[in-house]
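Student: Here is how the chains run, residue by residue.
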Amino acid sequence: MAEKKLWKGNEALAEGAIRAGCRFFAGYPITPQNEVPEYMSWRLPQVGGAFLQSESEVAAINTVYGAAATGVRCMTSSSSPGISLKQEGISYAAGADLPILIGNVMRGGPGLGNIAGGQGDYWQATRGGGHGDYRCFVMAPNCVNEMANFPHKCYEVSFKYRIPSMVLADGIIGQMMEPVEFKNPEVDVKTLKEPEWALGKCEGRNKRIVKSYDLKEGGVEIMINERVKRYDRIEADEVMYEEKQLEDADIVMVAYGTSSRIAAAAMKIAREKGLKVGLFRPITLWPFPRVRLAELAKRVKKFVAVEMSLGQMVQDVQLAINGRADVYLHAKPGASIITAEEVAKTLESISKKEAKEYAAVK
Amino acid sequence: MQLLNKRPESLLDVKMHYCPGCGHGIIHRLVAEVMDELGIRGRTIGVAPVGCAVFADTYFNCDMIQGPHGRGPAEATGIKRAKPDTIVFSYQGDGDLASIGMGEIVHAAIRGENITVIFVNNAIYGMTGGQMAPTTLIGQKATTCVDGRTAKQAGYPIRMSEMLATIDGATYIERTTVHTNPGVIKTKAAIKKAFQTQIDGKGFSLVEILSMCPTNWGTRLDNPSEATKFVQEGMLPVFPLGVYKDACAADKK
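Line by line, the protein sequences are chains A and B. Heads up: the first sequence begins at 1 in this note's numbering, then just goes up one per residue. Heads up: the second sequence begins at 1001 in this note's numbering, then just goes up one per residue.
Just so you know, these hints were derived from the structure itself, not from any lab. Among the clues, some could well be false.
Just some of the chain B residues that point at chain A, by a computed CB distance under 7 Å [unchecked claim]:
1. A1082
2. H1107
3. D1200
4. K1202
The calculated lysine-lysine pairs, modelled on DSBU-like cross-linking and capped at a C-alpha distance of 35 Å, are [what the hints assert, rightly or not]:
5. A:K276 <-> A:K183
6. A:K211 <-> B:K1141
7. A:K229 <-> B:K1186
8. A:K211 <-> B:K1152
FRET-style restraints, in silico, Cβ to Cβ [said to hold, decoys possible]:
9. B:T1143 <-> A:G218: 24 to 34 Å
10. A:E186 <-> B:Y1156: 53 to 63 Å
11. A:V220 <-> B:T1143: 44 to 54 Å
Keep in mind that this is a model prediction, so the values were computed, not measured. Glycine included, each C-beta is placed from N, C-alpha and C at the ideal position.
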């Protein structure tokens, strides 16, 4: 068995990215993700990579946009307000098909909000966030071990499909320490093939252009439709989720990241009280595991989304269920912590048919 | 028979979209001639801006990237640091560089990024149709100051070369013009020196080039001397030509 060591979430994310081949990082200080750039600043030079503390979030994402165009595995990270600032750059990266990795260690919003861990950026992460029609591959770790291991998958998907990817964590996972086992073999960047679109030395070949525009009539439509084919393949092949005790479940909680751990504790409380409760955890938020949820809805008739927001992922649950079962919501906005006891109470009220369905139309 | 003049290899034989009397075409050619003469085309990556020169990515015969408005120096930084053995230039207008991209250009200079910036100053937003730029002269008319720019309402035109020259990280800063023949020759020499500064690893270089925009200045398209007169009499007193910083000889650490 590989060695397990205690790692802080943010540092595990940084080291995980480096082991997955990251050789360029640009970022800007913002709590609660500061350990990512701090770690990168001394660690990247050790592996022959480059680190830059940018003058702004906007400059950071655009510096990464430039670096990514050369085919290097690169990364930027931030927390909610900073990710908002990066959105234009993310849109350009999506439009120019650049495989960048973005870490978002979510905090409470909107505005300056607070610096506690929240889940209010779900819509921003999964709906695009910036302008235009595009998608990002989004993974939601629920422990430090996944912080360490998800960058590997993100780069794999990003480079295979030429799409930006995001590790959507929160301040709780970013700040806590847990045992970590780096499961993937360390990527030797020397063995990585230079992508055929990468900018560099055009001597002896045709020039290459990295761009997101096409002013010809219908030009952008063609670009997007080609991209949609890749999106379709991602939706077919790259969906990840985890299921717990669904076999006999009457009620299935749907929760990602930190909320999924609270939901797991709530499941234990509820089962001790005799309620048959299960847990479904989307690991990829886009692509959302909607096919599997729809399948489950053939048997399970009650789903409850548990999230630390005003209720964002619940809309994807509802879209997936599409009327096949009842959908409920247990949510708390403002980066306030949901407790297992509160969730257990909600589960009880759902089983007693006292709870109101999400977005019920009377 | 000897061929005395030809299109530079660094410039593609494509139809440019620039208006009659515009300075961009001249400046593109000068950059391309310099790339040819320095033999760097095969390892140069150019950054195209948002603005009239957005299509520069299709004109220059080297690898090119086009990104968000004003962020050229950030993109160039990423490219240069990821691939230090390439030559990287950012081509920007005055709205791109001196307004929305003010932060990126200043900090690229502060860091002494080993990149070259071609800054085309025509005192107006061209691509969007003639709005007031940060470099628009006091009294100059634009579509967002139809009676002419006033200091009271919109402040004063910014002198980027002078400002950037105060930054320790900047190595070579010069302002030139392309509204006269001697100006064109001096501009080419300045561009060459700027690229040479980068080739020698000496740090941040920028050439600010005063240029014409007859279309949006409202000067006559069939009489280019109206536009060159505006540069001569309007812009030169506000944007004096000259070398504002030359630390090429100094040992920069």
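Student: Mind checking the hinted window 24 to 34 Å against the Cβ distance between T1143 (chain B) and G218 (chain A)?
Tutor: holds (30 Å)
Student: Less than 7 Å between beta-carbons is the criterion; does D1200 (chain B) satisfy it with respect to chain A?
Tutor: violated (19 Å)
Student: Return holds or violated for the Cβ distance of E186 (chain A) and Y1156 (chain B) against the range 53 to 63 Å.
Tutor: holds (55 Å)
Student: If you check the beta carbons of V220 (chain A) and T1143 (chain B), does the distance land in 44 to 54 Å?
Tutor: violated (27 Å)
Student: Is K229 (chain A) close enough to K1186 (chain B), meaning Cα to Cα at most 35 Å?
Tutor: Violated. K229 (chain A) to K1186 (chain B) sits at ~51 Å, over the 35 Å cutoff.
Student: Between the alpha carbons of K211 (chain A) and K1141 (chain B), is the straight-line distance 35 Å or under?
Tutor: Given pair K211 (chain A), K1141 (chain B) holds - Cα atoms ~33 Å apart, limit 35 Å.
Student: With chain A as the partner, please determine if H1107 (chain B) meets the hint condition of a C-beta pair closer than 7 Å.
Tutor: holds (4 Å)
Student: Double-check K1202 (chain B) for me: the hint is only fine if its C-beta lies closer than 7 Å to a C-beta in chain A.
Tutor: Violated. Min distance 19 Å.
Student: For the pair supplied as a hint, K276 (chain A) and K183 (chain A), confirm whether the alpha-carbon distance does not exceed 35 Å.
Tutor: holds (33 Å)
Student: Hint check: is the beta carbon of A1082 (chain B) less than 7 Å from a beta carbon of chain A?
Tutor: holds (4 Å)
Student: Could you grab the alpha-carbon distance between K211 (chain A) and K1152 (chain B) and see if it respects the 35 Å cut-off?
Tutor: Outside the cut-off at roughly 40 Å; violated.
Hints 3, 4, 7, 8, 11 from the list above are not met by this structure, while the remaining hints are.
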